[in-house]
Amino acid sequence: MNNIISAVGFCNRTGKGDLSVLDASLREIAETGADACEIGVYAEEIISGGRIIEDRMLRVADIVRRHTFKKLSLHGQILSNFMDREHLHLQKKVVRAMLELCDRLGAGILVHHSGAGQLASGENGADLDRMEREALAEMGDVAKGYGVRIALENIFTTESGQYRQTPSEVAATVKAIGSDNVVALIDFSHAYIESTYRNLDFLEELRAMAPVTGHLHVHDSFGLPYSMTRFYHPAEATALGIGDLHLPIGWGDISWEDIFSTLTFLPDTTLIMEINAERFGDQQPACLERARRLAAMQRG
Numbered sequence: 001m002n003n004i005i006s007a008v009g010f011c012n013r014t015g016k017g018d019l020s021v022l023d024a025s026l027r028e029i030a031e032t033g034a035d036a037c038e039i040g041v042y043a044e045e046i047i048s049g050g051r052i053i054e055d056r057m058l059r060v061a062d063i064v065r066r067h068t069f070k071k072l073s074l075h076g077q078i079l080s081n082f083m084d085r086e087h088l089h090l091q092k093k094v095v096r097a098m099l100e101l102c103d104r105l106g107a108g109i110l111v112h113h114s115g116a117g118q119l120a121s122g123e124n125g126a127d128l129d130r131m132e133r134e135a136l137a138e139m140g141d142v143a144k145g146y147g148v149r150i151a152l153e154n155i156f157t158t159e160s161g162q163y164r165q166t167p168s169e170v171a172a173t174v175k176a177i178g179s180d181n182v183v184a185l186i187d188f189s190h191a192y193i194e195s196t197y198r199n200l201d202f203l204e205e206l207r208a209m210a211p212v213t214g215h216l217h218v219h220d221s222f223g224l225p226y227s228m229t230r231f232y233h234p235a236e237a238t239a240l241g242i243g244d245l246h247l248p249i250g251w252g253d254i255s256w257e258d259i260f261s262t263l264t265f266l267p268d269t270t271l272i273m274e275i276n277a278e279r280f281g282d283q284q285p286a287c288l289e290r291a292r293r294l295a296a297m298q299r300g
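With the UniProt record's numbering applied, the sequence shown has no gaps in its numbers, which climb one by one up to 300 at the end.
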């Protein structure tokens, strides 16, 4: 590794909420030789009404201690959304609890999805941007107290009429907040899909994000928006190449070497492959090897 990308690993496969697969899923990642792990803590029923359930937290802490990773990150709620006016107070309670979990479990990053919403009458995108920035700045102060960074992840448009920031606009949000504890997270497949949907220059969108990016989500796709959504098995979407496929590196058509040889991210960035063992365990070793070669292209 180097001082730009300091660790490479995988996200764990999530269970049904009873912690039954957590230990095995972390062991699977450790056995690949990865030195980073991202835990989908949102799926483990540890937070209730914005409060940490102590006995569950202690069980999770015991499981996490069994595995030695150089870098640990937690993935917050999939529906995390600081543009959700109706539920903003609840959203912030959960993020506060997640940040405490990061501190107690030794995770340096909390992944938080960038916001989205339907514009109300008389409302514009700037109103939602402002709401999100104010909430992120507030949570950034909380994160600072724990020595944790919030990584704001770019997401693609998911429904008609939705207000959603482009990757470059996510970067602008991070810059406007101006906190060392709020960084951008590039999800390359998400950026590819949104660039296709909006007819944007994919590489230019990545260039805008890179200088404020401290966390990476790597998985392959063909950048095709969901022109259809009914599949009887995930492999059918793979065969068609449609959507956010979370494929092994090289199964899609993202030009990984071109990207990593061109862009430079923030120091101490972690690269997490969202390519889990449930579908692609046999592909993880080759993906890890290639991801480490990509990381080596970064020179600080």
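In case anyone wonders, no lab produced these hints; they're calculated from the structure.
Take the hints with a grain of salt, since some may be wrong.
[Stated by the list, open to error] Now the in silico label distances, taken between C-beta atoms and shown as ranges:
#, residue 1, residue 2, range
1, R27, M228, 30 to 40 angstroms
2, D103, A137, 18 to 28 angstroms
3, I78, D282, 41 to 51 angstroms
4, D201, G125, 31 to 41 angstroms
5, L119, A296, 21 to 31 angstroms
6, D282, G49, 33 to 43 angstroms
For every residue, glycine included, the Cβ atom is placed at its ideal position computed from N, Cα and C.
Taking the hints in turn, this is what the structure says about them:
1. R27 <-> M228: 30 to 40 angstroms: With a Cβ separation near 37 angstroms, R27 and M228 satisfy 30 to 40 angstroms, so the hint holds.
2. D103 <-> A137: 18 to 28 angstroms: Because 19 angstroms falls inside the window, the suggested range holds.
3. I78 <-> D282: 41 to 51 angstroms: Taking Cβ atoms as reference, I78 and D282 lie about 26 angstroms apart, which means the hint is violated.
4. D201 <-> G125: 31 to 41 angstroms: Once the Cβ atoms are compared, 21 angstroms apart, the range 31 to 41 angstroms for G125 and D201 is violated.
5. L119 <-> A296: 21 to 31 angstroms: For A296 against L119, whose Cβ atoms are near 44 angstroms apart, the range 21 to 31 angstroms is violated.
6. D282 <-> G49: 33 to 43 angstroms: holds, 40 angstroms
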